[in-house]
Amino acid sequence: MNARGAIAVIAVALVGGVTAGGCAGASADAVTTINFWGLGREGEVVAQLVPEFERRNPGLRVRVQQIPWTAAHEKLLTAFVGDATPDVAQLGNTWIPEFVALDALVPLDDRVAASAVVDRADYFAGIWDTNVIADTTYGIPWYVDTRVLFYRSDLLDSVGYATPPATWAEWRDAMERLRARMSPRQYPALLPINEWPQPVALALQLGSPLLRDGGRYGAFSDSAFRTAFTFYVGLYRDRLASSISNTEISNRYQEFARGNVAMMITGPWEIGEFRRRLPPELQDSWMTAPLPAPDSLTPGVSLAGGASLVIFRRSRHQDAAWRLVEYLSEPEQQLRFYELTGDLPARRAAWRDSVLAGNRYARAFRTQLENVRPTPKVPEWEQIATAIAEQLEQAVRGGKPVPVVLAALDRSVNAILEKRRWLLDRGAIEPAAPVGATAGTVPR
Amino acid sequence: MPSIARGVARSERNPAAWLFLAPALILIAVFFLLPVIAALMLSVTDFDIYALRDPANARLVWLENYARLLRSPLFWQALRNTLYFAVVGGPLSIAASLGAALLLNGRTVRLRGLFRTIYFTPFVTTLVAVAIVWRYLYHPRYGLLNYALGWIGVAPIDWLGDPRWAMPAIIIMAVWKNFGYNMLIFIAGLQAIPTELYEAAEMDGAGSLSRFRHVTWPMLGPTMLFAGVITMIGYFQIFAEPYVMTQGGPLRATTTVVLLMYEEGFRWWRMGYAASIAFVLFVIILLATLVQFRLQRGEER
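Going down the list, the sequences are from chains A and B. Heads up, the first sequence is in my numbering, so the first residue is 1 and it goes up one at a time. Heads up, the second sequence is in my numbering, so the first residue is 1 and it goes up one at a time.
Among these hints, one or two may not hold up.
Claimed, not checked - To give an idea of the interface, some chain B residues facing chain A are shown, with a C-beta separation under 8 Å as derived from the structure: (1) 48; (2) 53; (3) 136; (4) 147; (5) 247; (6) 251; (7) 269.
In case anyone wonders, no lab produced these hints; they're calculated from the structure. Just so it is clear, CB atoms sit at the ideal spot from N, CA and C, and this is done for glycine as well.
Use the sequences and the hints to build the structure in full.
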């Protein structure tokens, strides 16, 4: 028994049988069954796109397995160990480095090159880049996610900002003006202190690599990250943002509706929530805008999030699986998927349609998506992100000076990356490309 | 104890005994001993997803996992949460079980079988189904519990969203779900108490309270020890309730030691680290069990 088998046995013995799902392949001879794992709401909805695919491909059947997001990561890892991975799966694009480290995914470059449907140039470059590791493409973006500014246009208008702030200086100025008008219990911005995407996006705007030397060490004490972090922490110190975490906010929509909060930075899923939860009379008083940039010359980049479609190495139906990926990547299907879920399409072609072009709240996302950048593509990223949020809390609530906090952050990140350095030194893995090197323009 | 010693000596000489024991011993070896040894070995390595790809990527780190664990604030928080759950939930569960058992054991109770079944039902119901119903009950706005609290003028509580209330919410649900099992054990224990003792006590003029104190309580001693130890072991291993209800949140307020182990092991696949958590928990439970035995013995004396 090899080590992996042994682990599997232990795993099963200890937990008492973690179900790995995804049973064995098709039984009928003529029909090939593609096992597809969809996550959360997307996994539920994708079933509505399947009949058309099956109609076009009489020999193929798709079995959709829906997995809740909260359990998806462990299910996928357990499936990998238990040799029970599906043919195709939806993968959060920050998970791709991890599954590539496991050598679980099929490289897709040749298929993309030969494909009439998947046209790399039609995808947002920063989003596509999240799927590329060491010059190899492992996933096709399915839908995208990034963070933009949601704001109360009436409140900003009342302090002289008829158009949303475009630079950090304007942003801060708008907040200071709002502060002057607000009561002490109201705040210009809602920026939960346990969320890492906001400070990381600002640091990426200044060109911070976040990690250096191919993902060997943290680069959080470097001037780019320090400048962004200082700016961000300053918003709390000057009471422009309330220093609370997102679990302490009872109802952000209510706070927004009452004008207790005038801005927040969040993702596309909130468009639907804002429409549903804000009272009708407020629907003309809120808007979205791309993230403010450090200055008027630098693009205000944001994070490249979303989910991709991947094919697993152990799949015995890789050609059929690719046909499903191609089908789901058609602009028409992307659009249908948007209508069903509200998830923003990964292809520019789908955005040209009137359905999306008519959604005024989505426009800022369209602009922002041209300027998104991936986080470092190392399997340890999730842990590193948690460490950033922890140190942010130390700076805001603990009141520690920024340099002290960032030195501590570098220390803990370097400890997280210790294994990675050892593997790199042995030549067991490839160094990670610096973020921003392959996508869009690199500021400064 | 000469008789036991003689028995052991005889079995060593008797090969047939080993033959009869073999099936059980083999099962224990394969499904208990081997995994334990493997887990112990894992706990001194840094087995992670890199090692999953190639076992050569695992290193022997000796006690580094344990040292890291003891330095980790998250582990201490998980331990605090677990102790909170065990120390509050355990006695509460025992009290509920004993109370229900005493009620059902009363001579005047009708439909005893029906009530016993009703009280036992939560224990045999699937946890996930129970959790869904309880999530409705705990809903801050539409939940029945807050609705009922509203009658007596208590402001709505965000049961599962407030870090201060999440653990009490889990405890209430766990006690409700589990008390039926111990209740059955206590009923059995109560029925084993000879009625003559009660009659004698009654003749001596003992009221119902002193009958409980001087007859029921001491006679239930062994049952209590059993129920206490089993409950404590079970409550220290609390996992499914927070996993299904809160995923360890909010603000890690319901992250227990086993949940942490599960997350480390199966979510992030840091198997070495997760195994070390398992062994630390094992030592804690062992110590707690010893303490409980000691306490009980002290009481008997």
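Okay, the hints, checked on the actual structure:
no.	hint	in the structure
1	48	holds, 7 Å
2	53	holds, 5 Å
3	136	violated, 18 Å
4	147	violated, 18 Å
5	247	holds, 6 Å
6	251	holds, 5 Å
7	269	holds, 5 Å
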